[in-house]
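These protein sequences, in sequence, are chains A and B. Note that our numbering numbers the first sequence so that position 350 is 854, with each residue one more than the last. Note that our numbering numbers the second sequence so that position 138 is 150, with each residue one more than the last.
These aren't lab readings, by the way, just hints derived from the structure by calculation. Everything numeric in this text was worked out from a predicted model, so none of it was measured. Backbone N, C-alpha and C fix where the C-beta goes; we use that ideal spot for every residue, glycine too. Honestly, I wouldn't trust all of these hints.
As the list claims (entries may be wrong) - Some chain A residues well away from chain B (every beta-carbon gap over 12 angstroms; in silico):
| hint | residue |
| --- | --- |
| 1 | 632 |
| 2 | 747 |
| 3 | 893 |
| 4 | 895 |
Unchecked claim - DSS-like, lysine-lysine: derived pairs with alpha carbons at most 30 angstroms apart:
| hint | chain 1 | residue 1 | chain 2 | residue 2 |
| --- | --- | --- | --- | --- |
| 5 | A | 629 | A | 692 |
| 6 | B | 285 | B | 339 |
| 7 | B | 126 | B | 203 |
| 8 | A | 629 | A | 803 |
| 9 | B | 101 | B | 371 |
| 10 | B | 262 | B | 99 |
| 11 | B | 174 | A | 692 |
| 12 | B | 262 | A | 629 |
| 13 | B | 175 | A | 692 |
| 14 | B | 371 | B | 175 |
| 15 | B | 203 | A | 624 |
| 16 | B | 357 | B | 339 |
| 17 | B | 350 | B | 126 |
| 18 | A | 621 | A | 762 |
| 19 | B | 99 | B | 371 |
| 20 | A | 628 | B | 293 |
| 21 | B | 353 | A | 692 |
| 22 | B | 203 | A | 629 |
| 23 | B | 256 | B | 203 |
| 24 | B | 262 | B | 293 |
| 25 | A | 803 | A | 833 |
| 26 | A | 628 | B | 203 |
| 27 | B | 339 | B | 353 |
| 28 | B | 203 | A | 692 |
| 29 | B | 126 | B | 285 |
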Amino acid sequence: MAAVFQAFGTAAVLLPANDSRVRLLGSFPGRKANVFEVRSEKKIVSDATRVSGRGQHLITNAVATKADAAAASTGSKSGHELLLFEALREGLEEEMERDPCVCVMGEDVGHYGGSYKVTKDLAKKFGDLRVLDTPIAENSFTGMGIGAAMTGLRPIVEGMNMGFLLLAFNQISNNCGMLHYTSGGQFKIPIVIRGPGGVGRQLGAEHSQRLESYFQSIPGIQMVACSTPYNAKGLMKAAIRSENPVILFEHVLLYNLKERIPDEEYICSLEEAEMVRPGEHVTILTYSRMRYHVMQAAKTLVNKGYDPEVIDIRSLKPFDLHTIGNSVKKTHRVLIVEECMRTGGIGASLTAAITENFHDYLDAPIVCLSSQDVPTPYAGTLEEWTVVQPAQIVTAVEQLCQ
Amino acid sequence: MALVSRSSSAAAALLRPLSSAAANVSGIRHVTTDTTPITIETSVPFTAHNCEPPSRSVSTTTAELLTFFRQMSLMRRMEIAADSLYKSKLIRGFCHLYDGQEAVAVGMEAAITKSDCIITAYRDHCTFLCRGGTLLEVFAELMGRQAGCSKGKGGSMHFYRKKAGFYGGHGIVGAQVPLGCGLAFAQKYSKDETVTFALYGDGAANQGQLFEALNISALWDLPAILVCENNHYGMGTAEWRAAKSPAYYKRGDYVPGLKVDGMDALAVKQACKFAKEHALKNGPLILEMDTYRYHGHSMSDPGSTYRTRDEISGIRQERDPIERVRKLLLSLDVANEKELKDIEKEVRKEVDEAIAQAKESPMPEPSELFTNIYVKGLGAEAFGADRKEVRVILP
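With these hints in hand, go ahead and build the complete structure from the sequences.
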């Protein structure tokens with residue numbers, strides 16, 4: 505059951521923690537009234553119940569939209585609701601209809617419908633030559649996708665789990681990233697490599713990898729991470745239309761998020777970050793699943809009187825330093841919350857980039873919260889501690905804003 | 013070994029190709045060629061695996077034979093010139109030379125069209141030339157100049173010529189084979205009726221991705237032809253020390269294979285023609301070209317620590333591809349010694365001129381460092397981490 509609330513005005517409505525409706529964020533006096541739209545599908549899971557392990561779902565989709573974001577799914581009743589994997593599928597289907605050169609290859613994408621149902625029914629609709637079931641041979645079918653892209657086809661290579669794409673690292677790094685350069689511009693590689701990554705629910709170390717850190721230094725590729733159904737569809741379409749190779753990072757736990765998205769066609773920009781919640785006190789930069797942990801922490805922070813600005817960076821390569829810079833110039837404090845490993849992760853690069861470019865605007869050192877540098881353990885409690893939790897985010901903001 | 017079966021033998025007929033009208037009146041003999049088909053026998057018969065081998069009798073013309081001679085001499089001269097350029101430090105880094113293997117490139121080119129694709133590894137100078145590249149582009153690229161085929165940014169291992177269907181030019185051993193199968197997939201997807209030749213060496217034949225790609229190609233019936241240029245040494249390791257089964261043409265198992273004398277341009281031509289017809293109907297095929305390289309693996313390898321000089325000179329005397337065609341031309345009376353020598357001198361002059369021209373080409377501009385990282389029009393340029401104010405508009 506979807507409950508949609510719209511809050512204008514000054515009162516903050518607080519509901520008991522175990523109420524199935526969601527706590528609302530109020531707007532603050534002295535600021536322009538913003539439109540907050542909050543919806544929930546399932547029960548709120550507070551930190552206390554999280555430990556139990558079973559039956560936990562990602563719930564709140566607290567997205568603050570700018571008042572002038574006309575295309576965004578605000579209170580208008582038009583648009584349609586769907587889950588994130590359905591949004592990906594919609595984007596994919598629309599692009600495949602639009603351009604006959606678009607094809608999908610991956611393990612179990614065809615007859616099985618995709619291990620996360622992103623390509624469900626597409627094989628029936630488009631045929632076996634456009635939705636191709638490959639054998640378990642990532643190195644070669646990624647290479648084949650790149651070879652096909654060199655001739656002008658637009659393949660989408662799906663890694664069943666991002667971690668499996670490590671087997672195709674050579675193809676992605678040397679051929680996908682570099683062929684446009686080493687051929688002096690003769691070949692374009694309009695390929696999209698996508699798949700779910702990130703820490704799931706006790707999937708074990710090898711199936712909980714975050715590859716964005718490994719791929720980020722490859723010259724020539726673009727990396728984006730989707731986090732909501734709206735931007736998932738938009739980024740999927742943009743990535744397919746792009747002439748550059750794009751790696752689209754999805755997250756295993758975000759596939760069942762529900763949101764209302766517009767009926768009309770739209771594309772998200774591949775190099776732009778998304779302003780999730782404007783604020784004044786501190787800039788919190790995040791992407792993918794951590795966005796939801798940040799938003800959860802934001803609720804607590806707001807109750808404590810802080811005003812965090814939350815930006816979903818979306819574009820992992822290149823960084824949208826324009827949006828980030830403007831935010832830093834406003835708040836002077838930066839907190840990066842990511843799921844990547846501490847060493848050599850996206851946060852590390854982002855810290856360096858911000859320090860290089862906006863050092864004079866910082867009032868405090870940049871704080872970066874990332875996952876622990878450990879293989880993700882199987883045990884639920886341990887797994888929780890490898891990933892950044894909302895409580896840690898709250899503590900970090902408090903320390904940063906002293 | 014008989015290169016040509018004389019008319020006295022019971023086997024293939026040899027037609028006298030010379031037309032008397034071509035013999036000029038002034039008494040000086042010119043090289044005479046025409047396009048009357050003649051049939052030449054290959055040096056050795058083909059060995060087949062899981063398929064019927066093509067016939068030993070190759071249909072060709074004297075014009076084609078002369079083209080072979082000229083092209084192979086050009087390639088030989090070009091590689092030797094590259095050798096001296098490397099030693100005078102005008103070419104740096106890695107330089108892998110193809111001399112000895114010219115017949116493979118030339119024979120393959122004769123069997124296919126420019127819409128068919130060729131992809132190879134790093135020993136690509138001559139294949140690039142055969143696909144329509146110019147000497148200037150080769151030397152300029154080797155020396156890192158702007159006039160190079162990849163604008164100086166690729167180097168010896170990254171020659172490409174998209175409009176002629178030459179897809180490179182790859183440094184990592186074996187990685188080009190899945191790319192080649194991808195090209196074949198695209199050809200099947202667009203229903204082009206063309207094929208892809210993915211070349212690799214005996215060293216790369218042990219790469220796993222090769223067998224993965226072969227499996228997928230056979231499964232999806234792709235028009236991919238995998239060509240193993242077996243020069244018997246993977247850098248310093250002889251084939252019998254690297255492969256349990258050096259019969260590379262048999263390693264496809266369910267995929268048919270053909271073993272070809274790679275020093276005989278006509279045999280290569282026949283095999284490639286056969287392979288193209290086969291691939292368009294029945295899916296992938298493996299060709300093993302039995303060939304040899306005179307130089308070491310690259311310019312940093314003397315090439316004599318793992319093989320004897322006698323072996324190298326022995327092959328040069330008995331199986332050299334250019335010598336074979338020369339003998340053929342002489343025996344068919346297409347040209348005499350002097351004329352062939354003139355062709356070689358001409359070729360040498362061409363190469364020298366191209367080198368001089370390439371030396372004059374400037375080095376790339378510093379701004380070229382950042383071009384061609386991303387495709388223009390998307391706005392994502394490589395300025396380090398910075399980004400311009402202008403937002404990107406997608407197509």
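We went through each hint and held it up to the structure:
1. Against the 12 angstroms criterion, residue 632 of chain A falls within the reach of chain B, whose nearest CB is about 9 angstroms from its own CB.
2. At roughly 4 angstroms, the least C-beta separation between residue 747 of chain A and chain B is not larger than 12 angstroms, which violates its mark as non-interface.
3. Non-interface status of residue 893 of chain A relative to chain B is upheld: no Cβ of that chain comes within 12 angstroms, the nearest being about 29 angstroms off.
4. For residue 895 of chain A, the shortest C-beta to C-beta distance to chain B comes to about 31 angstroms, beyond the 12 angstroms cut-off, and the non-interface label holds.
5. For the hint pairing residue 629 of chain A with residue 692 of chain A, the CA-to-CA distance comes to about 28 angstroms; that is within 30 angstroms, so the pair holds.
6. The hinted pair formed by residue 285 of chain B and residue 339 of chain B meets the criterion: a straight-line CA distance of about 24 angstroms does not exceed 30 angstroms.
7. For the hint linking residue 126 of chain B to residue 203 of chain B, the alpha-carbon distance of about 16 angstroms falls within 30 angstroms, and the restraint holds.
8. With a C-alpha separation of about 44 angstroms, the suggested pair residue 629 of chain A and residue 803 of chain A falls outside the 30 angstroms cut-off, and the hint is violated.
9. Using a Cα cut-off of 30 angstroms, the hinted pair residue 101 of chain B and residue 371 of chain B holds, with the two alpha carbons roughly 13 angstroms apart.
10. Annotation: proposed proximity of residue 262 of chain B to residue 99 of chain B is violated, straight-line Cα distance about 40 angstroms (limit 30 angstroms).
11. With a CA separation close to 11 angstroms, the supplied pair residue 174 of chain B and residue 692 of chain A stays within the 30 angstroms bound.
12. Proximity of residue 262 of chain B to residue 629 of chain A is assessed by CA-CA distance (about 39 angstroms); at most 30 angstroms being required, the pair is judged violated.
13. Restraint check: the Cα-Cα separation between residue 175 of chain B and residue 692 of chain A comes to about 13 angstroms, which is no more than 30 angstroms; the hinted pair holds.
14. At roughly 26 angstroms between alpha-carbon atoms, residue 371 of chain B and residue 175 of chain B fall within 30 angstroms of each other, so this suggested pair holds.
15. In summary, the hint linking residue 203 of chain B to residue 624 of chain A is supported, as the alpha carbons are separated by about 26 angstroms, within the 30 angstroms threshold.
16. The suggested pairing of residue 357 of chain B with residue 339 of chain B holds, with an alpha-carbon distance near 18 angstroms, which does not exceed 30 angstroms.
17. Restraint check for residue 350 of chain B and residue 126 of chain B: not satisfied, since their Cα atoms lie roughly 33 angstroms apart, outside the 30 angstroms limit.
18. Only pairs whose Cα atoms come within 30 angstroms are accepted, and residue 621 of chain A paired with residue 762 of chain A is accepted, the gap being roughly 15 angstroms.
19. Note on residue 99 of chain B and residue 371 of chain B: the hinted pairing holds, with a Cα-Cα distance of about 15 angstroms set against a maximum of 30 angstroms.
20. Restraint check for residue 628 of chain A and residue 293 of chain B: satisfied, since their Cα atoms lie roughly 26 angstroms apart, inside the 30 angstroms limit.
21. Of the supplied pair hints, the one linking residue 353 of chain B and residue 692 of chain A is violated, its CA atoms being roughly 44 angstroms apart against a limit of 30 angstroms.
22. Distance restraint check for residue 203 of chain B and residue 629 of chain A: the Cα-Cα separation of roughly 20 angstroms lies within the 30 angstroms cut-off, and the hinted pair is therefore satisfied.
23. Note on residue 256 of chain B and residue 203 of chain B: the hinted pairing is violated, with a Cα-Cα distance of about 38 angstroms set against a maximum of 30 angstroms.
24. With a C-alpha separation of about 20 angstroms, the suggested pairing of residue 262 of chain B with residue 293 of chain B holds against the 30 angstroms cut-off.
25. Distance restraint check for residue 803 of chain A and residue 833 of chain A: the Cα-Cα separation of roughly 23 angstroms lies within the 30 angstroms cut-off, and the hinted pair is therefore satisfied.
26. Note on residue 628 of chain A and residue 203 of chain B: the hinted pairing holds, with a Cα-Cα distance of about 21 angstroms set against a maximum of 30 angstroms.
27. For the given pair, residue 339 of chain B sits about 13 angstroms from residue 353 of chain B by alpha-carbon distance, which is consistent with the 30 angstroms threshold.
28. Proximity of residue 203 of chain B to residue 692 of chain A is assessed by CA-CA distance (about 21 angstroms); at most 30 angstroms being required, the pair is judged to hold.
29. The hinted pair formed by residue 126 of chain B and residue 285 of chain B meets the criterion: a straight-line CA distance of about 14 angstroms does not exceed 30 angstroms.
In summary, the numbered hints that this structure violates are 1, 2, 8, 10, 12, 17, 21 and 23.
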